[in-house]
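Q: Just so you know, the protein sequences line up as chains H and C, in that order. Just remember that the numbering used here sits 80 ahead of the position in the first sequence, which is counted from 1. Just remember that the numbering used here sits 308 ahead of the position in the second sequence, which is counted from 1.
Incorrect hints may have been included.
Claimed, not checked - Among the chain C residues that face chain H by a calculated CB cut under 8 angstroms, a handful are:
| no. | residue |
| --- | --- |
| 1 | SER388 |
| 2 | SER389 |
| 3 | GLU391 |
| 4 | PHE439 |
| 5 | GLY489 |
| 6 | GLU490 |
| 7 | VAL492 |
| 8 | ARG496 |
| 9 | ILE499 |
| 10 | ALA528 |
| 11 | GLY578 |
| 12 | GLU579 |
| 13 | GLY580 |
If you are wondering where the hints come from, they were derived from the structure by calculation, not from laboratory data. Think of the CB as a built atom: it goes at the ideal place given N, C-alpha and C, for glycine as much as any other residue.
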Amino acid sequence: MNRFYFLFALSLAIAVPKQVLAHGANIEYQETEAITIQAKYDDGKPMADAQVVIYAPSDRANPWSKGTTDKSGSFTFVPNTDPENIGDWDIKVRQSGHGDITSIPIKDGKLAVNQMNTGSLGADYTSAQKLVMAAAVGWGFIGTGLFFARSKSK
Amino acid sequence: MNRISLLLCGITLGSVILTSSSHKNSNKIMAATTEENTLALVANGEDFVRQGFTSKDGWEINFDRVYVNFSNAVAYSTKSSFEPQKGDTKKSIDYQNKVDFLTEAQTTDLAAGNGEAKPILVSEVEVNTGFYNALSWKLDTAGGDSAIAGKTIALIGKAVKDGQTINFDLGFNNPTEYICGEFVGDERQGIVTADSPGQVEATLHFDHIFGDLDTPPEEALNQDALGFEPIAKLASNGTVNLDDTDLASQLSPKDYQKLTKAIAGLGHVGEGHCVINQQ
Chain H
81 MNRFYFLFAL SLAIAVPKQV LAHGANIEYQ ETEAITIQAK YDDGKPMADA QVVIYAPSDR
141 ANPWSKGTTD KSGSFTFVPN TDPENIGDWD IKVRQSGHGD ITSIPIKDGK LAVNQMNTGS
201 LGADYTSAQK LVMAAAVGWG FIGTGLFFAR SKSK
Chain C
309 MNRISLLLCG ITLGSVILTS SSHKNSNKIM AATTEENTLA LVANGEDFVR QGFTSKDGWE
369 INFDRVYVNF SNAVAYSTKS SFEPQKGDTK KSIDYQNKVD FLTEAQTTDL AAGNGEAKPI
429 LVSEVEVNTG FYNALSWKLD TAGGDSAIAG KTIALIGKAV KDGQTINFDL GFNNPTEYIC
489 GEFVGDERQG IVTADSPGQV EATLHFDHIF GDLDTPPEEA LNQDALGFEP IAKLASNGTV
549 NLDDTDLASQ LSPKDYQKLT KAIAGLGHVG EGHCVINQQ
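Same shape as in the complex, but just chain C (with noise of 0.2 angstroms):
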């Protein structure tokens, strides 16, 4: 009998020493992948907000400000991919390092700076080191301090076609959540190395609600935009100074609808598609 409990000590001993230093080892990989380096949120309204455009009926469009206010904005560096067009969720997410950028929403002018702008910075943290290739963010009403106050988007700029200039000033409220995988763009963004920091960026596609003259007319894009002849029809004395109420009772059903959808569609990760959730 005391051979058995010796033989039964010593497994249980080896094991206890075994367990220690595999946890030994595990602190060192644990120490490997704890390097530091930070991690940039920016927002991009790309080049149709920074240096205009002409939409799909003609109107060229210049923005003075393109206000929108960003809450909840975390990016993940997930354990495997993280493709949310092809059925993963934001419950699902198995991730390794998740970081919040926003602690209260912010109201961020996109058309900040000149034509040559980089996107805007929202926030930057000091994050784990590793690929960050899973970014949320929710665009939400602005509260009281707030440059847009109630609202989650705010248009302000001008357009002008054959001689005549519409003063706009458009106000939406459509709190959205996008969910969305890695940024597509021509760099590959979202990697943080001890020696590099890393971005992720919120990309809103503008072309979407007034389409694009560059854009053959057929396509997608200028099919489902609005455009701007509708809303400089709704101008008095060259302006147009309007919320989504007044666009909803002036506007007809069906462009108001095209209006509301693209809104909700702004949201992109680079050209890489995001799911919504709207709130």
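Only chain H is shown next, with the shape it has when bound in the complex (with noise of 0.2 angstroms):
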């Protein structure tokens, strides 16, 4: 009977909605990638208040978007990680007419820890020519021990 009570009660916690106060605030979080950049000038001043532009690879000519440095020169920004836009991030910080842009490479919507390697030679053949150059290898090996394997028996 103990059971019982137990299993209704939990049915009820379960299908009874939660009461929604039209006043009440709710707080969600998930864990993302972000990016924090500090802008300073050469003499390490701080670019405070200055103008930041933001350019994702998939559009290099139009901003991804913009904002304002805090005081201590500091912007920080989430970056969209589709597939199109992995590759070089763009940011631009400008103030009083001195400025400067940087690239932030962005791998797997991850920071790359290494400069995007854009010239690798393995993204040039397909999987078929892959796995025939993988059987031409083979091959070469099996010929070489049966090439052996005939002069020895010889």
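Reconstruct the complex from the two isolated chains, following the hints.
A: Now the structure itself:
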């Protein structure tokens, strides 16, 4: 019987919707890969309240986003990591006739440790080609083995 | 043994077929990326040159002519970002397209036109489409046919302060190469598409020599600038007509050092700084 009451109470807890208050507040969160830049002048002074323009790899001509640095010259953004935006994200910071632009490589949704190698050899071959090349290399080993085996038998 | 030979021939034939089909695909990609349009190299002395300005020490400066002698101007569309300020060098540029703008040196007057004139067109060439994000050029000693023969830069104009007018004609011969990344300004430059031509800009910041009254005196620009007063002190009958050698001997060593440093630091790409390679 006790078990019945427990199950009944549990089903009520699951079935009855929570009361929603019109003035309630709700905070949700999710983990993201954010990028923070810090802009400084050559003398080390922060570029406070400077204009920030961000260009995504998918559209080099038009800004993906704009913003302003804080008092310490910092600005944080979360890049869109869709496949078309894998590559160099370009960040431009300007203030009073001074400016700089820098590139941040993004690979697989994360900051690339090394610069992207756009000229990688493997990218030039199809899967079928790779399979044939692997077979050819394999056959080379077998052929060599058979050659020496035949030499020994003679 | 016949079977083995047959298998070997099959593998070889398959490789050849697949390789040739891959080359066809590559050619298709090449065809798509070898569309052409024009890329212009412009030179910009900014409003300081076109409209005049007031130096850090209160001289109202207006230019009649600002000659610079360009040579070896080359734009690149690089395979990855190019940031010479962070260690990338001209030798390390890994580029898809390279464009030579000048077959020989060219003297350009940055003060040509009225106060609203656009940057001066130096050269325009047909290029492959792409993003031309690196630029290098030289300010070279002009040859005998040039208006500034024997010089890299000449500044000709008038300076006025407290009712005193000084006509100046200053010549410099400091051959310098500028190695720069992408243009930094309002609009992104250097993008050439089949539908839209592109532009790259060699920008020269003359406020670095004379300073700018509109900029706070404690800022690096004014701290590092010579100003016009030390040159005004060299005037004779309201005229200063001096070249490098004269300035070296008549300015104080500290002032001459400031001047030569400012002259070398003239080259930019918009607001973006360049690495300097003095010849």
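Q: Quick check: which numbered hints come out false for this structure?
A: none
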